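**Student:** Protein sequences, first through last, are from chains F and V.
Counting in the working numbering, the first sequence runs from 36 upward without gaps.
Counting in the working numbering, the second sequence runs from 663 upward without gaps.
Quick caveat, the hints were computed from the structure, so don't treat them as lab data.
Keep in mind the model is a prediction, meaning the values are calculated, not measured.
Even for Gly, the Cβ is constructed at its ideal location relative to N, Cα and C.
Check the hints yourself; a few may be wrong.
Under 8 Å between C-beta atoms, here's a sample of chain F residues computed to sit facing chain V [to be verified]:
{"#": "1", "residue": "F455"}
{"#": "2", "residue": "V510"}
{"#": "3", "residue": "E557"}
Just so you have them, the derived chain V footprint on chain F, three or more residues with Cβ under 8 Å [stated by the list, open to error]:
{"#": "4", "segment": "209-216"}
{"#": "5", "segment": "241-253"}
{"#": "6", "segment": "332-343"}
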Amino acid sequence: MPGFTTISGVEVEPVYGPEHVADLNPARDLGEPGEFPYTRGIHRDMYRGKLWTMRQFSGFATPEETNRRYHYLLEEGQTGLSVAFDLPTLMGYDADHAMSEGEVGKCGASICSLEDMEILLHGIPLDRVTISMTINSPAAVLWTMYLVVAEKQGVDWTQVSGTLQNDILKEYIAQKEYIFPPRPSMRLVTDTLEFGARHTPRFNPISISGYHIREAGSTAVQELAFTLRDGIEYVEWALERGLAVDDFAPRLSFFFNAHSDFFEEIAKYRAARRLWARLMRDRFGARSERSLKLRFHTQTAGCSLTWQQPYNNIVRTAVQAMAAVSGGTQSLHTNSLDEAYALPGEHAVTIALRTQQVIAYETGITAAPDPFGGSYFLERLTADTEAAALAYIRRIDQMGGMIEAIESGFPQSEIAEASFQYQRAVEAREKIVVGVNGYQSQDQPIEILQIDDRARERQVKKLEALRSRRSQAAVDGALAALGKAARGQANTMPFLLNAVRAYATLGEICNTLRDVFGSYQETSRI
Amino acid sequence: MIKPIRVLVAKPGLDGHDRGAKVIARALRDAGMEVIYTGLRQTPEMIVSAALQEDVQVIGLSILSGAHNAIVPRLMELLREKDMADVRVVVGGIIPDEDRAALKRLGVAEVFQPGASLEGIVEFIRSVA
């Protein structure tokens, strides 16, 4: 008999009433939309003023093919771009590296040099289209490629807008695409925060991400707690660097998952805003309103999609997207029905985008901010989520911070335990997943996007041509200067910009940094 | 007393998504098997050498990135070269139907696609080890 717990295993009472919210003070804990502590949203007029940005994460094969998909998505009414890079790019390897075999273009677009970034963004006006880039360990390198393309388009850096994921801590915790050890990685992140505060006032140099933590199997509370504790770590490093909190905190952005447990998710977004506002004000003394407001992107839960009966995934995604919008997200990616199989095909991604458009224009959910605010159930869940997350944050504080917690394997093992408990509940049919452990039926085959195996060949050819065309002396000089800067205390961003301008490849730049910082290998635990 | 089945759970390629590998490793261990987990980013060479050193009967590969057609044939070839063809190879992850058939023709004992039950995987490994 399925129990009445949330998808994260939190007990739910049979009914909620005034007695469940007696400890809450509406003026203190909720406030007005657009007012501290922003529980009800960061804008008074919310989606009346501006809808969320519809931003489908996309990238596959070569930059040429991905550029064509971007133009298609923009023509179909998408309002921002979000770049998916392939695994070699995420790991700082060029397409011709031995480890890249079989991986080029499979999970995203392959970007080996400034030339590829120029192709990827060809015909996309960077002063008008905001770009989000999902890249972490080599984020600073890819960001400099983007900034140089803007320069070449004649767009001033003060005008470019978008988001760099650049959240290395959640890589050690959950997604595991890391290159360097935690401390030099944090130094690179801090370099980008410092550079951003000085040169790119409209760009978010980091997107502190719970998405991957949740996908790795965490509970909603763990997603929230580890993400905000990561945020605290970045703030502390930036303060240590000598930046003033209100100079960089307004550009910190967040990224959360939208799973299927509707109210638990809405509670998570509301608790996130309230907790962050209080932390920033009380722990760090932030004064600027923009430092206190937690802005976030949401992606629906990839891990909730099923291989069985894939058309049901449209419904899951719609419900999850409704939760994200009800929770006041600033931008949204809706997954496509075929994503348990492969990267999405054009038809599937169009349905996913249309799902957002239906929610935006047909449901009326956008008419008033925080439409479920005041529900006894939701307010109790919000308060409990906040309290449980705060308890985790204090525990990590006691360990000495997030890097120490990561080194001791704490968040990793908490997530692995939660993911095992969930799988056990599914196995025992305590939780029903439609089409998987209940209501099974014959699947209808769906069309799957095939990634051309020649993507690697084409990328390798371009690399060879680039290496023979560019000035090797300029590349060597820029890389030597970068290595020297990395060994010292200087901000690495100007040196990365110079290396990128000389068309040093991603692999060459990352190897230079590997020589200085070393590589990281986690201690595997099961 | 029967000697427990020894299984090497491996995560080849560049992908870091280890949720599935960890859940399987724990389920096999809870079922009484001796489980060795390689950790991330293993080449076929590293996996085969670990399998030899650890004297396992079964290798379980978790692959979600689409790189299986590059990784699995190389691994099977290495096992044959090292006279380890009796080690059973099981693959789990995002493997399309047509690739599943091709992998089985290469000698892979079974391919478990998303949604496969832990109980079914445990039973299968018991039956072939």
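**Student:** For every hint, state whether the structure bears it out.
**Tutor:** Right, here's what the structure says about each hint:
A cut of 8 Å between beta carbons decides the hint on F455/F: the least distance to chain V is about 5 Å, and the hint holds. Because the smallest distance between the Cβ of V510/F and any Cβ of chain V comes to about 25 Å, over 8 Å, the interface hint for this residue is violated. With 8 Å as the threshold, the beta carbon of E557/F comes within range of chain V, its nearest partner Cβ sitting at about 7 Å, so the hint holds. Remark: the segment 209-216 of chain F is confirmed as covered by chain V, as 4 of its residues place a Cβ nearer than 8 Å to a Cβ of that chain, reaching the required three.
For the segment 241-253 of chain F, the stated coverage by chain V holds: 3 residues have a C-beta nearer than 8 Å to a C-beta of that chain, and at least 3 were required. Counting residues of the segment 332-343 of chain F whose beta-carbon sits less than 8 Å from any beta-carbon of chain V gives 4, enough to reach three: the coverage restraint holds.
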